[in-house]
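So the protein lines, in turn, are chains A and B. Here my numbering is used: position 99 in the first sequence is 99, and no number is missing along the way. Here my numbering is used: position 198 in the second sequence is 198, and no number is missing along the way.
It is worth saying that the hints were derived from the structure and are not from the lab. Check before you lean on any hint, since a few could be wrong.
What the hints assert, rightly or not - Not everything, but these chain B residues come out facing chain A in the computed CB check (under 10 Å):
hint : residue
1    : PHE10
2    : SER35
3    : TRP46
4    : LEU55
5    : GLU57
6    : SER61
7    : ARG67
8    : LEU73
9    : LYS99
10   : TYR193
11   : PHE194
These numbers were taken from a predicted model, which means no experiment stands behind them. Each residue gets a CB set at the ideal place from its N, CA and C atoms; glycine is no exception.
Protein chains: 2
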Amino acid sequence: SGTEPEDNAFTKRLPFLTEADQLKSVLRASRLMTSDRFENSAEHSWHIMLYAWVLSEHAGSEVRIDRVLQMLLLHDIVEIDAGDHPIHGQVDHAAQAAKEEAAAKRLFGLLPEIQRTAFADLWNEFEAAESVDARFAKAVDRFQTPIANLETGGGSWVDYNVTFAQIETRVRPAIETGAPRLWDWLRPQLIAYFLSAKAVSG
Amino acid sequence: SGTEPEDNAFTKRLPFLTEADQLKSVLRASRLMTSDRFENSAEHSWHIMLYAWVLSEHAGSEVRIDRVLQMLLLHDIVEIDAGDHPIHGQVDHAAQAAKEEAAAKRLFGLLPEIQRTAFADLWNEFEAAESVDARFAKAVDRFQTPIANLETGGGSWVDYNVTFAQIETRVRPAIETGAPRLWDWLRPQLIAYFLSAKAVSG
Ligand SMILES: [Ca+2]
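Can you make the complete structure from the sequences, with help from the hints?
See below:
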């Protein structure tokens with residue numbers, strides 16, 4: 001019957017897993033490196049988990065990569081309700097944060113109590129960006145788009161008319177705080193790109 | 001200069017991460033639950049990591065979920081060269097296995113030695129399906145499509161004219177071996193679906 005414990009434990013998890021399918025239809029502002037279509041938030045999440053793992057030697061020694069991967073697996077799921085907010089777009093940050101809070105409550109609320117709490121705690125830890133794990137996860141989340149844009153001649157920087165000053169304000173802090181060696185590597189490449197882009201457009 | 005150790009360590013990892021972008025363009029035989037387009041292998045990988053984590057209480061107590069997640073993060077990356085082989089399509093299994101071996105060699109070969117070996121070992125462990133972690137990972141990999149097909153009135157089963165006997169041969173063993181409680185839950189639902197599908201088509 002439906003009250004058999006094992007059935008029940010699984011049946012209670014299915015709505016969350018089904019709902020998660022919708023993250024594949026949330027489109028980001030950035031395009032694939034290897035195709036002209038926009039990236040969705042599910043495949044983005046997969047890719048930055050790979051980034052985090054492959055680049056884990058650039059994390060501080062106290063970073064626990066298994067927790068970082070779990071944070072990145074979950075980090076964008078609120079976009080199912082709240083949408084993606086492009087870092088270089090115009091956005092009301094307070095309104096966006098409220099929408100994401102509500103989304104976290106609804107989506108994690110689909111899970112049984114023990115997982116609901118664990119997932120919500122991990123998502124809140126990521127958002128707060130205070131723990132070493134969350135800081136490295138945030139750095140990696142910020143790192144992928146610049147790499148893709150450098151590889152594709154500008155990408156979303158061109159679409160949004162982004163300047164080097166905006167990168168310094170909106171991208172640098174998270175990367176520099178969570179993965180300073182990645183920032184040291186990235187910065188000269190950004191300077192080279194924005195100098196040449198300015199020369200072309202100006 | 002380019003031989004500075006930190007630069008070098010990162011620069012040597014970038015080609016692998018860039019190449020991985022192509023997994024977002026490998027299409028599977030199954031469609032999204034919530035849209036009519038075909039699923040790609042990158043977003044599929046993200047989704048089954050979430051399945052594995054959410055369903056981890058159905059894994060044996062000796063399963064290490066962090067290793068399962070790492071296996072699932074990597075498991076399809078060989079499809080960048082070898083393509084997806086639908087479980088219900090016609091395929092030369094020996095030729096496919098040889099293509100995947102070659103793909104693993106090329107792709108993991110883009111990484112520095114220490115990661116190359118670690119990633120190749122993990123991928124081989126998944127393919128061999130002998131360890132408890134690999135068995136649970138394989139079970140979850142097989143589990144997602146039936147769930148999606150049940151949720152969408154047949155999905156790829158309809159496209160490929162799949163029978164219950166084929167499910168018993170091609171899907172059941174991996175799920176029953178790696179996550180027997182998930183098979184116990186799934187089986188009656190499969191029987192109900194295929195009985196009604198038969199009634200409709202016959
Ligand atoms: Ca994000």
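These are the hints, each one checked on the structure:
| no. | hint | result |
| --- | --- | --- |
| 1 | PHE10 | 5 Å, holds |
| 2 | SER35 | 5 Å, holds |
| 3 | TRP46 | 4 Å, holds |
| 4 | LEU55 | 6 Å, holds |
| 5 | GLU57 | 7 Å, holds |
| 6 | SER61 | 15 Å, violated |
| 7 | ARG67 | 9 Å, holds |
| 8 | LEU73 | 6 Å, holds |
| 9 | LYS99 | 20 Å, violated |
| 10 | TYR193 | 15 Å, violated |
| 11 | PHE194 | 19 Å, violated |
Hint compliance for this structure: hints 6, 9, 10, 11 are not met, and every other hint is.
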